[in-house]
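Residue numbers (my numbering), protein chains in the order written: chain A, -16 to 219; chain B, 19 to 199.
No lab work stands behind these hints, which were simulated from the structure alone. Even for Gly, the Cβ is constructed at its ideal location relative to N, Cα and C. You can take every hint at face value.
Calculated pairs, SDA-like style, for lysine to any residue (alpha carbon to alpha carbon, straight line, at most 20 angstroms): (1) K161(B) x Q106(A); (2) K114(A) x I110(B); (3) K152(B) x P108(A); (4) K206(A) x E190(B); (5) K64(B) x N94(B); (6) K206(A) x D199(B); (7) K206(A) x D174(B); (8) K161(B) x D72(A); (9) K178(A) x L26(A); (10) K152(B) x E77(A); (11) K161(B) x L150(B); (12) K114(A) x L113(B); (13) K159(A) x M132(A); (14) K215(A) x Y193(B); (15) K206(A) x E194(B); (16) K187(B) x G101(A); (17) K161(B) x P108(A); (18) K206(A) x A178(B); (19) K152(B) x Q106(A); (20) K120(B) x P112(A); (21) K161(B) x V76(A).
A short, non-exhaustive set of chain A residues, derived as facing chain B with CB atoms under 7 angstroms: (22) C82; (23) M83; (24) S88; (25) Q94; (26) Y98; (27) T103; (28) A104; (29) F111; (30) E113; (31) K206; (32) P208.
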Amino acid sequence: MSDKIKITIDGKAIEAELGQTILEAADAAGIYIPRLCAHKDLLPIGSCRVCTVIVDGRPQASCVKPVMDGMVIENDTEELLQHRRNIIDMMFVEGNHFCMFCEKSGNCELQALAYRFGITAPQYPFQFPEKDVDASHPDILLDHNRCIMCARCVRASQELDGKNVFQSIGRGFDRKIGVNGEKALGDTDMDVNDKAADICPVGCIIKKRVGFETPYGERLYDKEPIGSDIEKGATA
Amino acid sequence: MGKPRVATTSLAGCFGCHMSFLDIDERILDLIELVDFDRSPIDDIKHISQRCAIGLVEGGCCNEENVHVLYEFRENCDILISFGDCATMGGIPTLRNNIPLKECIDEAYRDGVTVYNPKNIVPQDPEIPLLLDKVYPCHEVVKIDYFLPGCPPSADCLWAALTALLTDKPVELPYELLKYD
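Just chain A, with the same shape it has in the complex (with noise of 0.2 angstroms):
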């Protein structure tokens, strides 16, 4: 077979196979490309755009973008890191992110992109939304504030729950997650064990009665930034 191709990603050439697209073919040659709404369980939906990269001068979600031989990638530039942290400052405004009292701060992949693009404080003005928390379910909680429509919900029910538990609604910035339910997720047939209940990068679905579980200092993101495995080359 000689699906395998040649590719270069920040001047360094690495090898990959036809098929996959850049962010696998990277995460394979230990390098981090950060992403937020890619999920290596999930198909791509190239939303989120975290992890844009400069393919032969032209910008492209690389979580979608297949690998073609003899490509020239950038992905560790100053530009495209302002790109990415802007990116994460307006995730940031547009919902409602308390991190001192989020279940899911330390393990949270929004929170540890921040700490990775070293941001103190996000540079555009806060909006502040009023959003809905749905407790109905008993043992999930569904906290609209902190959701950032990365979809990954969405996709988790369908593709590796067969259920079709979560859908987007809305347009713009009143876009939310809705629920297949008659009124709220209590109403639906998702379950705690589901994959949809695990999957969300933000503390917007969390399960119930786990609470602060990890103590401060050992949790997933408190030691080493987000990247670290796949630089280590741990999934490769």
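Once you've looked at the hints, dock chain B against the given chain A.
Showing chain B alone in chain A's frame:
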């Protein structure tokens, strides 16, 4: 030339950040060698007496007094630092930002389940600063030079930032000191 002066204040915060500041423990003795304190809850000086090198602001702006104090700090400090999540992002006080001010006041003074207020009075004394429509992080009111997030920022974080500033080094927090919680 005298030692650089440092002023600190707590606006719409809980003083937790100042407590964290005191958590630098015996290093405060080293700090006293390096700086003089001007207006601060630590020495209870009420107004900034002369030009300060560094101003540390805890808490965001929830009332007009907070804004006046923040203006005083901006006018008199060369470098102004927001420290803590309330100063940098608004923090817990911004939970009221989705609720109309009248509803907040009614809940606090009239309708709350534990309120005893037979004359149905809402405090109106001119001594009491008026509330702002919303709670604002400091950088939405004045220019802020540095941000130290955290609820509270750890003593090490504050120490790292202060010593970097006082020794003319860039303020770059190591990864494990940048925390939002």
